[in-house]
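There are 2 protein chains.
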Amino acid sequence: MSDQRKIYLEDIPLDEAWRRFTEALAATGLWRPFPGEDVPVVSALGRVTAAPVWARISSPHYHAAAMDGYAVRAADTIGATETAPLRLALGPQAVYVDTGDPLPPWANAVIPIEHVQPGPDTIEIMAPVPPWRNVRPMGEDMVATELVLPANHTLVPVDLGAIAGCGHTHVQVRRRPRVAVIPTGTELVPPGVPLRPGDIIEYNSLVLAAQVESWGGQATRWPIIPDDYDRLRAAVQEAVATHDLVLINAGSSAGSEDFTARVVADLGQLLVHGVAVRPGHPVILGMICSRPVIGVPGYPVSAALTGEIFVEPLLARWLGRPPQARPTVQATLTRKVLSPLGDDEYLRVT
Amino acid sequence: MSDQRKIYLEDIPLDEAWRRFTEALAATGLWRPFPGEDVPVVSALGRVTAAPVWARISSPHYHAAAMDGYAVRAADTIGATETAPLRLALGPQAVYVDTGDPLPPWANAVIPIEHVQPGPDTIEIMAPVPPWRNVRPMGEDMVATELVLPANHTLVPVDLGAIAGCGHTHVQVRRRPRVAVIPTGTELVPPGVPLRPGDIIEYNSLVLAAQVESWGGQATRWPIIPDDYDRLRAAVQEAVATHDLVLINAGSSAGSEDFTARVVADLGQLLVHGVAVRPGHPVILGMICSRPVIGVPGYPVSAALTGEIFVEPLLARWLGRPPQARPTVQATLTRKVLSPLGDDEYLRVT
Numbered sequence: 002m003s004d005q006r007k008i009y010l011e012d013i014p015l016d017e018a019w020r021r022f023t024e025a026l027a028a029t030g031l032w033r034p035f036p037g038e039d040v041p042v043v044s045a046l047g048r049v050t051a052a053p054v055w056a057r058i059s060s061p062h063y064h065a066a067a068m069d070g071y072a073v074r075a076a077d078t079i080g081a082t083e084t085a086p087l088r089l090a091l092g093p094q095a096v097y098v099d100t101g102d103p104l105p106p107w108a109n110a111v112i113p114i115e116h117v118q119p120g121p122d123t124i125e126i127m128a129p130v131p132p133w134r135n136v137r138p139m140g141e142d143m144v145a146t147e148l149v150l151p152a153n154h155t156l157v158p159v160d161l162g163a164i165a166g167c168g169h170t171h172v173q174v175r176r177r178p179r180v181a182v183i184p185t186g187t188e189l190v191p192p193g194v195p196l197r198p199g200d201i202i203e204y205n206s207l208v209l210a211a212q213v214e215s216w217g218g219q220a221t222r223w224p225i226i227p228d229d230y231d232r233l234r235a236a237v238q239e240a241v242a243t244h245d246l247v248l249i250n251a252g253s254s255a256g257s258e259d260f261t262a263r264v265v266a267d268l269g270q271l272l273v274h275g276v277a278v279r280p281g282h283p284v285i286l287g288m289i290c291s292r293p294v295i296g297v298p299g300y301p302v303s304a305a306l307t308g309e310i311f312v313e314p315l316l317a318r319w320l321g322r323p324p325q326a327r328p329t330v331q332a333t334l335t336r337k338v339l340s341p342l343g344d345d346e347y348l349r350v351t
Numbered sequence: 002m003s004d005q006r007k008i009y010l011e012d013i014p015l016d017e018a019w020r021r022f023t024e025a026l027a028a029t030g031l032w033r034p035f036p037g038e039d040v041p042v043v044s045a046l047g048r049v050t051a052a053p054v055w056a057r058i059s060s061p062h063y064h065a066a067a068m069d070g071y072a073v074r075a076a077d078t079i080g081a082t083e084t085a086p087l088r089l090a091l092g093p094q095a096v097y098v099d100t101g102d103p104l105p106p107w108a109n110a111v112i113p114i115e116h117v118q119p120g121p122d123t124i125e126i127m128a129p130v131p132p133w134r135n136v137r138p139m140g141e142d143m144v145a146t147e148l149v150l151p152a153n154h155t156l157v158p159v160d161l162g163a164i165a166g167c168g169h170t171h172v173q174v175r176r177r178p179r180v181a182v183i184p185t186g187t188e189l190v191p192p193g194v195p196l197r198p199g200d201i202i203e204y205n206s207l208v209l210a211a212q213v214e215s216w217g218g219q220a221t222r223w224p225i226i227p228d229d230y231d232r233l234r235a236a237v238q239e240a241v242a243t244h245d246l247v248l249i250n251a252g253s254s255a256g257s258e259d260f261t262a263r264v265v266a267d268l269g270q271l272l273v274h275g276v277a278v279r280p281g282h283p284v285i286l287g288m289i290c291s292r293p294v295i296g297v298p299g300y301p302v303s304a305a306l307t308g309e310i311f312v313e314p315l316l317a318r319w320l321g322r323p324p325q326a327r328p329t330v331q332a333t334l335t336r337k338v339l340s341p342l343g344d345d346e347y348l349r350v351t
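Respectively, the protein sequence lines represent chains A and B.
Start counting at 1 in the first sequence, then tack on 1, and there's your number in this note's numbering.
Start counting at 1 in the second sequence, then tack on 1, and there's your number in this note's numbering.
Next comes chain A alone, as it looks inside the complex:
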């Protein structure tokens, strides 16, 4: 028993593993952004646009007063001076408007209230006003058919205002990838149960699910599956039928990891079993029924790192946004680090 437990395919370099995985995805048409779905603007915060947003209406959608005052015809004001004021008839020649009000169809300028002597039937003005002075002409901010937002843009609060303001109630955004998280291992117990020696609290699925949510996916957590080939196989079959990506989180016992690889190989195609990254090398990559499946190592640091290395870039691809840039910082090593030749080693820094 103990002999067959530790049989890994040889660890392969990270870029080779990633190449095999993306090639298999591309072969099934899955290495590209998801199509869009129409969601109400009010629910679109944080979603990624699947198509450019074009203005449906101009803004303003009418000639609007930019000051409180009187809407006039500019031509009617020619010749007014302080010494020879002009009178304009209220109604046909001058109409009071508040800021934002539409101008009457015949008007093309606004004289501010403070430059006017109002009378009962007329206003008196002391200076001419050029056409379009103190007016926000139709389309000043945005003209119908103009580009408001590009595709593949993650929506922040002010974007919702821009989309609604240019006449839309809905917006085309990428469907959120559905990710199944299956914890497996006989030694695993859910948080909160009394612990016996050998029990391991299952919390990797909490971390993986939270990572998926924070990267724009929707996670479904499975109950713990013990080290039982048939039960794991059944869970994986159900998960691939209803999800875009399946994460199988092997527990720390040697048996769990083996079951995962065998289930992937039997149900589909085992592409990679072991990646030369530390921590995290016993990563499994495969395809089952045209769905990607990732066997995530049980060691918690490896599990979280596998999420960052494999799950985040895949979700980013499906959502049509670039993968998260990793910030680069300078750090000082406090001990000598001897990484195994050919491995990419990830170290935690403070």
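Check the hints yourself; a few may be wrong.
Heads up, incomplete: computed chain A residues facing chain B, CB under 10 Å, no partners named [to be verified]: (1) D122; (2) T170; (3) R197; (4) P198; (5) V213; (6) S215; (7) G217.
For the chain B half of the interface with chain A, some residues (derived, Cβ under 10 Å), not all of them [as the list claims (entries may be wrong)]: (8) S60; (9) H62; (10) D160; (11) P191; (12) V208; (13) R222.
For the record, the hints were derived by calculation from the structure and aren't laboratory data.
Glycine included, each C-beta is placed from N, C-alpha and C at the ideal position.
Please arrange chain B on chain A, whose structure you already have, making use of the hints.
Coordinates of chain B only, in the frame set by chain A:
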């Protein structure tokens, strides 16, 4: 009519406005973090801890094998050499363990499988093993009662694992501030209705609600209230009774802003009417029934900026986290900027 519309209290500097507001909040005991509420760890992503999290259990919570091999008493192995191997009886002196398995109570070391010659009833060893070699002793990662996370910490995915792993199913986090967003203005129409000249699409409430959600609050959007003193007053009374903060978003018409100030003054205390920031100066700050109320200007850029200047720091205070640091970047002005003396001016940069 047009005369009384534009009566503002004098614009006051931003820091003076903020001082009046926080003093009024402090006087009613509202200028401090909210108390905590117990939420399941699975729902705690992005929430802020209201108390330190202490480990309930040690991790590992038992002496665990760190290698696949045989659990032994170190004392039984003394004297073993390649030329004079020792035999240990399977059962009383040596027990097979996988990585992660608990040691028998009498064992204190593990000999890796590859250093052992197994027989039917005994194992043969060629070297002694010191106590605790290849063992993860109880509490190696974390000892019960140790600090896992401090208070006022925003939970990221791996934190959920740490909390569950140290024995908790729930975590004390700050209650999410409830924020009412009331759009008001007779000229406002909801997105999607056919537009007539003078109509303004109401989308500031979408932006303000999304800002509130992205800063950790829970927003409730009211339907549009027309410029009607009694209806606005009734809406504000209902909102202050059920929310922690009320935002009244005056439309762009002159009337809307006036109603807001009057309702605040009549129902409670008008602290500030006009802040010397551009854009955004017609901000209203007040208290009604021990609840803060902010009159947000109607101009969309001013509305979003008012959210950033006044709402975000208040929510941060209630959640117990520092206000968002504004990133500092160097930019080149492409035109001369003449800010009114005494005003803080905010410019958009590319």
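Hint check results:
1. D122: Because about 17 Å separates D122(A) from the closest Cβ in chain B, which is outside the 10 Å limit, the hint is violated.
2. T170: This hint holds: T170(A) lies near chain B, its Cβ roughly 4 Å from the closest one there, short of 10 Å.
3. R197: Check passed: Cβ of R197(A) comes within 8 Å of chain B, closer than 10 Å.
4. P198: Cβ of P198(A) sits 4 Å from chain B, so the hint holds.
5. V213: 9 Å, holds
6. S215: S215(A) check passes; min Cβ-Cβ to chain B is 6 Å, inside 10 Å.
7. G217: The hint is violated - G217(A) has no Cβ within 10 Å of chain B, the shortest such distance being about 13 Å.
8. S60: 8 Å, holds
9. H62: Result: holds, 6 Å to nearest chain A Cβ.
10. D160: 9 Å, holds
11. P191: With a closest approach of 9 Å, the P191(B) hint holds.
12. V208: 4 Å, holds
13. R222: Hint on R222(B): holds, closest Cβ of chain A at ~8 Å, below 10 Å.
Figure legend: structure checked against the earlier numbered hints; hints not met, in rising order: 1, 7.
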